[in-house]
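For this one, chain A is given, so just place chain B on it according to the hints.
Residue strings, one per chain:
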Amino acid sequence: MDATVSTGTEDSVWGGGNRPLGASYGKMMMWFFIMSDALTFSGFLVAYGFSRFKFIELWPIADEVFTHVPFFHGNYPMYYVAFMTFILIMSSVTMVLAVDAGHKMKQKSVILYMFLTIIGGAIFVGSQAWEWATFIKGDYGAVETNSGRILQFVNAETGERAALSDFAETLPEERIKHQANEGIWFENEGYKTSYSLNEVVEGFKATPNILIRTEQLNEEGEKTLLDRKESLAKILEANQVVEGANLVHNEYGHRLFADFFFFITGFHGFHVFSGVVINIIIFFNVILGTYQRRGHYEMVEKVGLYWHFVDLVWVFVFTFFYLV
Amino acid sequence: MAHEHKLEIFRGLLKFKSNTQKIWGVLIFLTIVTTIEVALGIVKPRFLTHGYFLGMKLLNWIFIILTLVKAYYIAWDFMHLRDEKTPLRRVIVWTPVFLICYLIFILLFEADYIYNVYTEGFITWDF
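Going line by line, the protein sequences match chains A and B. If you read the first sequence in my numbering, its first letter stands for residue 1, the second for the next number, and so on. If you read the second sequence in my numbering, its first letter stands for residue 1001, the second for the next number, and so on.
No lab work stands behind these hints: they were computed from the structure. Quick caveat: nothing in here was measured; it's all calculated off a predicted structure. Note that the Cβ used here is the ideal one computed from N, Cα and C, for glycine as well. Incorrect hints may have been included.
Think about it this way: if two alpha-carbon atoms lie no more than 25 Å apart in a straight line, the pair counts; the simulated DSS-like pairs of lysine-lysine are [said to hold, decoys possible]:
1) A:LYS27 x A:LYS137
2) A:LYS229 x A:LYS192
3) B:LYS1085 x A:LYS104
4) A:LYS223 x A:LYS205
5) B:LYS1006 x B:LYS1017
6) A:LYS234 x A:LYS205
7) A:LYS106 x A:LYS27
8) B:LYS1006 x B:LYS1085
9) A:LYS108 x A:LYS302
10) B:LYS1015 x A:LYS104
11) B:LYS1017 x A:LYS106
12) A:LYS104 x B:LYS1017
13) B:LYS1044 x B:LYS1057
14) A:LYS302 x B:LYS1085
15) A:LYS137 x A:LYS223
16) B:LYS1085 x B:LYS1017
17) A:LYS229 x A:LYS205
18) B:LYS1006 x A:LYS104
19) B:LYS1015 x B:LYS1085
20) B:LYS1006 x A:LYS106
21) A:LYS192 x A:LYS205
22) B:LYS1044 x A:LYS223
23) A:LYS108 x A:LYS192
24) A:LYS302 x B:LYS1006
25) A:LYS108 x B:LYS1017
26) B:LYS1006 x A:LYS27
27) A:LYS108 x A:LYS27
28) A:LYS302 x A:LYS27
29) A:LYS234 x A:LYS223
30) B:LYS1057 x A:LYS223
31) A:LYS302 x A:LYS104
32) A:LYS106 x A:LYS302
33) B:LYS1085 x A:LYS27
Per the computed footprint, the stretches of chain B lying under chain A, defined by three or more beta-carbons under 8 Å from a beta-carbon of chain A, are [said to hold, decoys possible]:
34) 1067-1075
35) 1094-1102
If you want a taste of the chain B side facing chain A, the calculated C-beta under 10 Å gives, among others [to be verified]:
36) PHE1063
37) ILE1064
38) TYR1115
Chain B on its own, in the form it takes in the complex:
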């Protein structure tokens, strides 16, 4: 990495004067996101725990999306992927993302199948 940094986050909405300032800005952002997560985890609003999207609670969707947002800013600004060359960034990010999505897909489907075997089979598992 050269010594120049890209200093804007939120697609240029927020531009910092120096790299140090950007680091503190990202920290504030990450802290806000974590606070929202913890607050939601404690309050658990009813409409979020009873609303479903694609078989998962809305609250869990929010948690997962906020986690990915945090992961993005840690990788882009703390691990300075933002300043790396585009091909390097793509190799680092898309290879694991593809493999992990595949892994999640097969394992969770399989687990759901086993759950159905347990509940619909003619054997009791609680005795």
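Just chain A, same shape as in the assembly:
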């Protein structure tokens, strides 16, 4: 066919450079990415909801898990996470201010606000690393039963949680870390607990004011506290000591709680980390004057969209992990 049909629309429609819905190509693609990422995160959070509804009577109470604030001793539920949330919202604000300054072509202000955004992101990632370390290290210690349920200890006089070191005895026995080359090949201990099961059980029997708390939630929404007689019967079901949390054992309660905690906050933390890296790249471009020469700061706006999205996801993670 040698005759070329001209519709007269090549330049206006198919010639490129179109801005459907008034958004540029880059911004539209950023929104595409954000939508797919939002669906990924909702998949994770709904999976968390699924497991929680499945074990609704056993699920750990977040207020009792995240009770620490750096440099302070004592029981401060939620304060530190609230601080982290505030930091992230604050860095979102400096990001919008950077975008706003970009519209006005004020290079100096964009540099300042981008810098503050990066600092905020770094504080958040650091806080999350600290939160992970505290969670992994553990608090009071607990024992796990044959069926994988967690038994925690409470001081009957004060009503406060009792740590293993408060009552466990030190027996003249040798603790050997179980290695894979001794016994069944796929079994080995990840870490050695400070007390053996025997020491905890003997110490428990010898200390009358220690009671056992099971994972079961009662009508008040609190963990069930057994009396001394029930406790003495229950301790016989214990088969190992658990300190801290990992992917297999979790002293705070159901192990899926720890798994989802690592997975969801880890995936979010990875987003924050990559957001900080992208922010740093854009920050240097701003300093070099790339966008000043280009005549617009749309790149700042696009990375800003990603940064706000990370903040948006945290708002949901905060609610479903720490509040509800």
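Quick look at chain B alone, frame taken from chain A:
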């Protein structure tokens, strides 16, 4: 996005003089909402933890609604969806909202079913 911004929030109840002012206003609002959430999470008023609506505690309803309010202001003012064209905004918001609602519905129903199998079945899971 063009350089003009829509400067009123709360359906025109509050109108700001400049975009910068609006950003700080939204920050104050978000901080207040977060403070209310944290305070409720620590105090846990009895009538909220013992009152139920559609099988969920009133306190949890409040948390979820406040979260959606925060999400709205982050998306509308920080991600400036308020200034985008209406079709773009609808495509971005309603597609995920529809899919997520569907996902929540099926998975939570399924989980509740499994919970019932666990509790009413003749097998003990705690031994």
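Verification of the hints:
1. A distance of roughly 43 Å separates the Cα atoms of LYS27 (chain A) and LYS137 (chain A); the hinted pair therefore is violated under the 25 Å criterion.
2. Of the pairs offered as hints, the one joining LYS229 (chain A) and LYS192 (chain A) is violated, with about 30 Å between alpha carbons and a cut-off of 25 Å exceeded.
3. Between LYS1085 (chain B) and LYS104 (chain A), the direct Cα distance comes to roughly 21 Å. Compliance with the 25 Å bound is thereby established for this hinted pair.
4. This hinted pair checks out: LYS223 (chain A) and LYS205 (chain A) have alpha carbons roughly 22 Å apart, not beyond 25 Å.
5. For the given pair, LYS1006 (chain B) sits about 10 Å from LYS1017 (chain B) by alpha-carbon distance, which is consistent with the 25 Å threshold.
6. Taking the CA atoms of LYS234 (chain A) and LYS205 (chain A), the gap is about 11 Å. The hint holds against a cut of 25 Å.
7. A C-alpha spacing of about 21 Å is found between LYS106 (chain A) and LYS27 (chain A), which places the hinted pair at or below 25 Å, so the restraint holds.
8. With a C-alpha separation of about 12 Å, the suggested pair LYS1006 (chain B) and LYS1085 (chain B) falls inside the 25 Å cut-off, and the hint holds.
9. Using a Cα cut-off of 25 Å, the hinted pair LYS108 (chain A) and LYS302 (chain A) holds, with the two alpha carbons roughly 19 Å apart.
10. For the given pair, LYS1015 (chain B) sits about 21 Å from LYS104 (chain A) by alpha-carbon distance, which is consistent with the 25 Å threshold.
11. Proposed proximity of LYS1017 (chain B) and LYS106 (chain A) is supported: the alpha carbons are some 19 Å apart, at most 25 Å.
12. Taken as a hint, the LYS104 (chain A) and LYS1017 (chain B) pair is honoured in the structure, with Cα atoms around 16 Å apart against an allowance of 25 Å.
13. Simply put, LYS1044 (chain B) and LYS1057 (chain B) have alpha-carbon atoms about 11 Å apart, close enough for the 25 Å limit, and the pair holds.
14. The hinted pair formed by LYS302 (chain A) and LYS1085 (chain B) meets the criterion: a straight-line CA distance of about 17 Å does not exceed 25 Å.
15. About 22 Å separates the Cα atoms of LYS137 (chain A) and LYS223 (chain A), which keeps this hinted pair within 25 Å; it holds.
16. Distance restraint check for LYS1085 (chain B) and LYS1017 (chain B): the Cα-Cα separation of roughly 22 Å lies within the 25 Å cut-off, and the hinted pair is therefore satisfied.
17. Restraint check for LYS229 (chain A) and LYS205 (chain A): satisfied, since their Cα atoms lie roughly 11 Å apart, inside the 25 Å limit.
18. Of the pairs offered as hints, the one joining LYS1006 (chain B) and LYS104 (chain A) holds, with about 16 Å between alpha carbons and a cut-off of 25 Å not exceeded.
19. Distance restraint check for LYS1015 (chain B) and LYS1085 (chain B): the Cα-Cα separation of roughly 20 Å lies within the 25 Å cut-off, and the hinted pair is therefore satisfied.
20. A distance of roughly 21 Å separates the Cα atoms of LYS1006 (chain B) and LYS106 (chain A); the hinted pair therefore holds under the 25 Å criterion.
21. Among the hinted pairs, LYS192 (chain A) with LYS205 (chain A) is consistent with the structure: their alpha-carbon atoms are about 23 Å apart, no more than 25 Å.
22. The straight-line distance between the Cα atoms of LYS1044 (chain B) and LYS223 (chain A) is roughly 16 Å, inside the 25 Å bound, and the hint therefore holds.
23. Under the criterion of a C-alpha separation no larger than 25 Å, the hint pairing LYS108 (chain A) with LYS192 (chain A) is inconsistent with the structure, at around 54 Å.
24. Of the pairs offered as hints, the one joining LYS302 (chain A) and LYS1006 (chain B) holds, with about 19 Å between alpha carbons and a cut-off of 25 Å not exceeded.
25. The suggested pairing of LYS108 (chain A) with LYS1017 (chain B) holds, with an alpha-carbon distance near 23 Å, which does not exceed 25 Å.
26. Taken as a hint, the LYS1006 (chain B) and LYS27 (chain A) pair is honoured in the structure, with Cα atoms around 19 Å apart against an allowance of 25 Å.
27. Between LYS108 (chain A) and LYS27 (chain A) the alpha-carbon distance is near 24 Å, which keeps this suggested pair within the 25 Å criterion.
28. Between LYS302 (chain A) and LYS27 (chain A), the direct Cα distance comes to roughly 6 Å. Compliance with the 25 Å bound is thereby established for this hinted pair.
29. Of the pairs offered as hints, the one joining LYS234 (chain A) and LYS223 (chain A) holds, with about 15 Å between alpha carbons and a cut-off of 25 Å not exceeded.
30. Restraint check for LYS1057 (chain B) and LYS223 (chain A): the C-alpha separation of about 17 Å stays at or below 25 Å, so the hint holds.
31. For the hint linking LYS302 (chain A) to LYS104 (chain A), the alpha-carbon distance of about 16 Å falls within 25 Å, and the restraint holds.
32. The hinted pair formed by LYS106 (chain A) and LYS302 (chain A) meets the criterion: a straight-line CA distance of about 17 Å does not exceed 25 Å.
33. About 13 Å separates the Cα atoms of LYS1085 (chain B) and LYS27 (chain A), which keeps this hinted pair within 25 Å; it holds.
34. Coverage of the stretch 1067-1075 of chain B by chain A holds in this model, with 5 residues showing a Cβ closer than 8 Å to a Cβ of that chain against a need of three.
35. Interface restraint, the stretch 1094-1102 of chain B with chain A: holds (4 residues with C-beta to C-beta distance below 8 Å; minimum three).
36. Here the hint on PHE1063 (chain B) is kept, as its CB sits about 5 Å from the closest CB of chain A, short of 10 Å.
37. For the restraint placing ILE1064 (chain B) at the interface with chain A, the shortest Cβ-Cβ distance is roughly 7 Å, inside the 10 Å limit, so the hint holds.
38. Taking 10 Å as the C-beta contact cut-off toward chain A, the hint placing TYR1115 (chain B) at the interface holds, the least distance being around 5 Å.
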